[in-house]
Amino acid sequence: MSPQAPPPLEIHDLTVAYHKKPVLYGIDLVVPSGQLVGIVGPNGAGKSTLIKAILGLTPPSSGWVRIFGKPYRSNAKRVGYVPQRESVDWDFPVNVMDVVLMGRYGHLGWLKRPGKGDREVAEACLEKVQMLPYARRQISNLSGGQQQRVFLARALAQESDLYLLDEPFAGVDVATESAIVTILGQLRARGKTLMVVHHDLTTARNYFDMLLLLNMRMVDFGPTDEVFTYDKLQATYGGRLTILSQVANSRSQKEENVPLGR
Amino acid sequence: MHPNYPCRGLGLALVAGLLLLAAGDLSAAKIGDLSDTRFWDQLVRFFSLRDPSLRYTLTASLFLGTCCGLLGSFIVVRKLSLMGDTLSHAVLPGVALGFLWTMTKNPWAIFVGATIAGLLGTVVVHWIHTTTHIKEDSAMGLVLSGFYALGICLFTMIQQLPTGNKAGLDKFMFGQAAALSAEDLWMIGIITILSLIAIVLFYKEFLVTSFDFGFAHALGLSARFFHYLIMLLLALSVVIALQAVGVVLVSALLITPAATAFLLTDRMHRMLIYASLFGMGAGVAGAFFSYLGNNLPTGPFIIVAASTLFALALFFSNRYGIIPRWIRNLSRDRRIQVENTLKAVYHVREENAFSHDGIPVKALGDRRNLSPSEVEKEIRQLVRRGLATLEQGEPEPPPSPERKLFLTASGWETACRIVRNHRLWELYLTESVRYRPDHVHDDAEEIEHLLGEDTVRQLERRLNYPTRDPHGKLIPSLRDLSQTPFAGRSG
Chain A
1 MSPQAPPPLE
11 IHDLTVAYHK
21 KPVLYGIDLV
31 VPSGQLVGIV
41 GPNGAGKSTL
51 IKAILGLTPP
61 SSGWVRIFGK
71 PYRSNAKRVG
81 YVPQRESVDW
91 DFPVNVMDVV
101 LMGRYGHLGW
111 LKRPGKGDRE
121 VAEACLEKVQ
131 MLPYARRQIS
141 NLSGGQQQRV
151 FLARALAQES
161 DLYLLDEPFA
171 GVDVATESAI
181 VTILGQLRAR
191 GKTLMVVHHD
201 LTTARNYFDM
211 LLLLNMRMVD
221 FGPTDEVFTY
231 DKLQATYGGR
241 LTILSQVANS
251 RSQKEENVPL
261 GR
Chain B
1001 MHPNYPCRGL
1011 GLALVAGLLL
1021 LAAGDLSAAK
1031 IGDLSDTRFW
1041 DQLVRFFSLR
1051 DPSLRYTLTA
1061 SLFLGTCCGL
1071 LGSFIVVRKL
1081 SLMGDTLSHA
1091 VLPGVALGFL
1101 WTMTKNPWAI
1111 FVGATIAGLL
1121 GTVVVHWIHT
1131 TTHIKEDSAM
1141 GLVLSGFYAL
1151 GICLFTMIQQ
1161 LPTGNKAGLD
1171 KFMFGQAAAL
1181 SAEDLWMIGI
1191 ITILSLIAIV
1201 LFYKEFLVTS
1211 FDFGFAHALG
1221 LSARFFHYLI
1231 MLLLALSVVI
1241 ALQAVGVVLV
1251 SALLITPAAT
1261 AFLLTDRMHR
1271 MLIYASLFGM
1281 GAGVAGAFFS
1291 YLGNNLPTGP
1301 FIIVAASTLF
1311 ALALFFSNRY
1321 GIIPRWIRNL
1331 SRDRRIQVEN
1341 TLKAVYHVRE
1351 ENAFSHDGIP
1361 VKALGDRRNL
1371 SPSEVEKEIR
1381 QLVRRGLATL
1391 EQGEPEPPPS
1401 PERKLFLTAS
1411 GWETACRIVR
1421 NHRLWELYLT
1431 ESVRYRPDHV
1441 HDDAEEIEHL
1451 LGEDTVRQLE
1461 RRLNYPTRDP
1471 HGKLIPSLRD
1481 LSQTPFAGRS
1491 G
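Keeping their order, the protein sequence lines are chains A and B.
Numbering-wise (our numbering), the first sequence opens with residue 1 and increments by one.
Numbering-wise (our numbering), the second sequence opens with residue 1001 and increments by one.
Honestly, the hints are just simulated from the structure, not real lab data.
Ideal Cβ positions, reconstructed from N, Cα and C, are used throughout, including at glycine.
Here are the simulated EDC-like cross-link-like pairs (lysine to aspartate or glutamate), alpha carbons at most 16 Å apart as the crow flies:
{"id": "1", "chain 1": "B", "residue 1": "K1404", "chain 2": "B", "residue 2": "D1366"}
{"id": "2", "chain 1": "A", "residue 1": "K192", "chain 2": "A", "residue 2": "D161"}
{"id": "3", "chain 1": "B", "residue 1": "K1079", "chain 2": "A", "residue 2": "D91"}
{"id": "4", "chain 1": "B", "residue 1": "K1079", "chain 2": "A", "residue 2": "D89"}
{"id": "5", "chain 1": "A", "residue 1": "K70", "chain 2": "A", "residue 2": "D161"}
{"id": "6", "chain 1": "A", "residue 1": "K77", "chain 2": "A", "residue 2": "D161"}
Residues on chain A that point at chain B, a partial pick, calculated with CB under 10 Å:
{"id": "7", "residue": "H19"}
{"id": "8", "residue": "Y81"}
{"id": "9", "residue": "V82"}
{"id": "10", "residue": "S87"}
{"id": "11", "residue": "F92"}
{"id": "12", "residue": "G106"}
{"id": "13", "residue": "A155"}
{"id": "14", "residue": "L164"}
Here chain B stands alone, though its shape is the one from the complex:
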C-alpha cells in the first residue's frame, strides 16, 4: 500500500460500522436478556445481527478498536504508554463532577467533565516534570493515583446523595459495553471519525513530531500544537472507551493492538492500519465471546482477545517471533553440521596429501568422532543436498564402512571455503590481534561458518594473500579450488 494513504482500508471498515449503527433498532435490549442458551442458536443470532443490543456492542467495539489502535500506535512509538493509564484514571473525578453539574447521567456533561479532568491531568504531569527534577514516569504515577483517589471519593459522596438518578455510574469504573446507549454510540462514532480524519490529514506532521520533535520545530511546523492535538484526541478516546472497558483496561485497548502491530511491521503507516485492524478484531471477538457466554462482560473479553493476538505475534512474527527464530536457529545448526562434515572430508583428504578423491566412510566417522549410524545420517544429509555422492557398494544392510564418499564440485568448494575461512581467521588473530597460535582454534571453529565473501576478501588483502596458516598448513585459495585434483578418481 502506498504510504501516503495509511487509512483507506479503515475508512471502509468504518462505513460498515456506520451502516450497522444505522440498522440498529433504538429499542435496545440487553445482551443478557436472551433466554435460549443453545450454542448454535447463539451463533446464528450473533452472525445474523438480529439483536439490536448486539449491533450496538459490535459497532462500538469496531469504532473503539479503530480509534484506540490509531492513537495507541502513536503513544507506543513515543514511549508514552503510561499516558493512556494516567488519562484513564485522571478522568474519573471529571466524570463525577460532570454528574454533579447536571445531577443526571447526561452523557455530554460527563464527557466534557471527563475530558477537562484528563487534560488537566496531562498538564499537571507536564508541569511537574518540567519544573522539578521529578521524572515523567513518577509524575504520571502521582497524577494517576491522586486523581483516581479523588474520583473514588467523589463517587462515594454521590452514592450518599439523597437525590438524583445515580445508578450506573460504576460503568465508568468497570465498563459495560453491552449497556451503551445510542447517545454513547454516537459519541464514540464522532470521536473515532474525528481522530481518523485528523490522522489522515496530518499524518506527516504527526509522524515527524513523534520521531524528531526538534526537527519538526526546525521545519517551521508547530510541533507543540501537534503534540497537544494528539494528547487531546487521546484524552477524548480514553473518555469514550471508559464506559466500554473500564478505567483499568482502557490502556490495554490503547497499547495491546499497537504493540502487536509494532511486532509485525517497521513502517508507521502499516502499524496504524494493523493496530486498528487488531483493535477491531479484538472488539468483535470480545463481543462474540461475551454473547456466546451469555451476559459475560465484554470489556475483559476484548482485552483477552487483544492479548491473545499479541501472544500469537510474539510467537510467530517473522522478525521477533520466538518460533521463526527457533526454526532459523535449527536450520543454521544443521548447516553448520553439514559444513563441519565437509571440512572433515577435506582434512582426511589432506592427510593423504589429496592423493585419493574418495574417502572411506569409516575414516570420516573417526575424524568426526561419530558412531556409524550418526555418520550415515550426516552422509545422507550431504547426498540429499547434492554435496556428495556415495560409492555403490554391496546392497544394504549393513552398509559397508569401507564404501567411499566423493564430494561433488559444490561440496568440495564449500569444504575448501570453510577450511580457508578457518585458517584465515586463525592467521588474522595471530598476526593482527596478536593471539597466541594455540588460542585461536576454538574461535575460528565458530567464525568459519559466519564469514561472508567480502570479509574474506578484506582478510586476504590485510594479510597480504597468505598461503599458510599459523600451524603451517596450506590455506586453500580460490585459485587452488579449480586446480585441486579431481582428475584421476582413483577409487
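So here's chain A without its partners, still in its complex pose:
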C-alpha cells in the first residue's frame, strides 16, 4: 500500500449520545493498516457504541468517520462486521449456510441471489472455522461457541479489508476462543485491519498489537506494550476492578524476571 493510501479507519471528534446523554465524547482516532486492535474498557464504557457509530448504526451527534478515506456507506463492502451474539434471535428459521451466505449479500446487487461462487466462498469460510459439517443445521441447535464461529464465518464471507468484531470471545469455550485468535492472526497476516471489542484484560495483552483504552472518552491508543501500563489501565477502569492490580503485578513480575528487557 502506498504511503498516501487513506487509513482503514479515521475518526474525528466523534461524539455519540443516547437521548441527549453522551456516551462517547470527542473520539479522535486513526487506525493504521494491518493492525489487530483491541478495544478495552469497563462495562458501559461505550465499546459497542463506538463500533455501532463507526458502522453508522448509531448516528453521531458530532464528528465524522471515514473508512479508507470515504464515508461508511460508500465503502460498506470493505467492512466486515461480527455483532454480539445476543443481538439476534437464534430461533430464526435459517440454517448455518443461510447465515453465512448473508455475508455475500453486500457483494450482490439488487435483485441478485447468491450463486454457486458465493456458496463456494461460504463453504470455504465455514471450513476455516471448522463448521462445515454443520452447514445444514438449524441455528437454534448450536452451542454458544458454534454460534460465534458461524458469525465469524459470515464476516469472513464478506471478504473485507477492515473487520469490526463486537465481543467475539464472550461466552465461548476455550477451543473456540483459540480458533478465533488463530483466524484473526491469519487475517492480519493477509494485511487486514481488525478492531475487536474485548473485556478480558488477562488475555488482551497477548492477543492484540494495539490497544484502544476506552471509558466514554479515549484514554489512550497505541502499541500494546506502551498502553498496557498500570497508570493507563487505572485511568480507564478507575480502580473498579481488583483484577487490574493482579494483571499489572504479574506484568511487573515478568519484567523483573527478564532483566535485559527494554
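Go by the hints and put chain B onto chain A.
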C-alpha cells in the same frame, strides 16, 4: 425446492385465482340468497363454482390467504405479532375519515384513509418507544386501543349524520367476505400481487433485515427502507383483509397460518410457502363451510379453519408435535426396558463368574423383581429383536421357569455396553466430580442409556482406561467383549 425461488408455487395458485376472478360474473348475488339447502346440492354448487358470489368469496380468500401468510411470516419471526392487531385497530379512524371525505363508500378513498391511519399508528408506536422508556408492547397497546376508540366515536357520529349512504360501514368492524364488491376484489388482488412481487424481488434483503438488522445495515443495505417497506405492505394487507374478516380477526389471519408454518419448518423460504398455502387452505375451507351452512359468516370460519390447522400441526408436527414426541418417548422407554433386561442377564452371569452361558428364566425374574408373566413379556421382546434365544423346553403351557435364556452376540454386546456405561459413569462421578460412592448408582441408572460412543471414549481417556468401578467390580471393556467366553455353551 431451491431456496432462491420461494414463491414459484404461489405464483401458480395466484394465476388460478385470477382466472377465477376473470370468470366471475359481475352481477353478484349474495351467498345467502340461495334457497335450496340440501347438502349435496350445495356441495355440487360449491365445487362447480356456479355462484358468482361464491367465486368472489373464494378468490378473495385465496388472495388474502397468500398475502397474509407471506407478511404474517415476517412479523411472526420478527416477534412483531402484536403489530398486526395494532394496525387492524389503528386503521379504523382512517376508514371513517375516508368515508367523511367523500361521503360515499368509495373503496379507494376508504383505502387511502385507512392506510394513512395505519401508518400513523406505527409511527406513533415507534415514536413512543424510542423517545420514552415505555416499551414497545405497551406502546402498541396504547395505540391499538386509542385509535380504535377514536374510530368507534367517528363511526357513531357518521351513523347520526343526516345524509350519505352509510349502510355497510360496519363490515369493516366485523367483516363480510360474502359482500365484497368487484372493486374490493381488485384491490385485494393488486395488493397481494404487489406483496408477492416485493417479497420475491427483495427476499434476501427482507431475510437479512429481519434476522440481523445491524448486520444488514453494515452490509450497506438500507435496512430501514426494507423495514418500512414490510410495514407498509403489512398495513396495506391489513386494510384489504379488514372487510373480509373484521378488525379483531385480521391478526389471526396474519399470525395463525404463519405460526403453523413455523412449527413445520426451520427455513424461511419454506415457511413463506407453507404459510400462504395454509392461508389459502383456511380461506377455501372457511368459504366452503359458510356456503354449506347457508349465510354463515365467512371470516370466523376462515379463522376457525386456520386454528384447526394450527392445532393439527401442534399435535402432529414431527419436531414439536405432542403425539410424535409421545411416540418417541414410548419407544425410548421400551429401549431402556430392553437394555435393563440385558443388564440383568449380565449381572446374573457375573454372579456365576460367567461360568454358564445360559441363565434360567427364573433367575432373570428374581433379578429384575418381575412376575413370571412380565418376564415372559420381556423375553419375547429380546427374542423379537434378535438379542436373545430361548432354549426349547417342554411344550407350553405353562412355560418352565427353568428354561434357559441365551444372549446372541449383539445382545451380549449391548449388555456389556450398558454395564460399562454404568460403571464408567459411577467411576467418573466418584473420581472427577467427587461424589461419594454410595451416591452414584441412581444417576448412573439413567445415564447408562444415554451415553454415546464418543462420550464413553472421552470418559475412558480421562479416567485412564480403568478396569474396576468404585465398588470394585470389573468394567467390561470393548476388548473383553470379544474374549468373554461364548465357547463351551454348557447348558
